[in-house]
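Given only the sequences and the hints, what does the whole structure look like? Please build it.
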Amino acid sequence: MPHKFFTRLSAISLIITACTLAACSEPQPVNEPKLASSQPLVKQSDGALSSVIADFIGCYTVSHDEPAQIKLSEKDGKLVMQMKEAANKGRVWDSPEPLEALSMAKGWQYFNVNALDLDSQDVSAVVARPDGMMALAKVRAEAANVNPLLDSEYVAYIVRGTNTIYKVACDDTPTDLLGAQGH
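The sequence shown lines up with residues -22 to -1, 1 to 161 when you count with mature numbering (1 follows the signal peptide of the UniProt record, and there is no 0).
It should be emphasised that the hints constitute simulated quantities derived from the structure, not laboratory data. Where hints are given, some of them may not hold.
[Said to hold, decoys possible] No farther apart than 25 Å at their CA atoms in a straight line, the calculated lysine-lysine pairs in the BS3-like style are these:
1. LYS145 - LYS53
2. LYS67 - LYS53
3. LYS84 - LYS53
4. LYS56 - LYS145
Right, dumping it as structure tokens:
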């Protein structure tokens, strides 16, 4: 009986010690861009666009054979996004919504569970809407080249789903968004 008690006590002590040591060691970020935890400005002190943010400027779609659906641009020194409106709305793009450049630790939270075999070290930068409904990650070229599940250097998180997204030429052509999907 005493032997069983001491065995359990030793096991519990070992578990508590391991948990304590694990809690003390924090993983160190690898190649993390020098961004604040949440940074809406896209200009550096010299007035130039941050190269990390400048990579995001452009238009995106979910398929190579579809027109642009999302546009990221600079407005008043901030990164903004717009979604393409339905053709009957009378305008091509909706009102600009602000985006924030996120630290890798905060940005990776959007992509840590994905079906793309994507690792945090594969991502060089993340921008997101402040409401958390959309985030866009820039994938390192070398990661996109060796990962057969990635055929683009951009990955989008939109309302709890993660998938590749393609940078395409911007256009101001009205689109029948519902008709394009066969509805």
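Unmet hints by their number, sorted upward, for this structure: As far as the earlier hints go, not one is violated by this structure.
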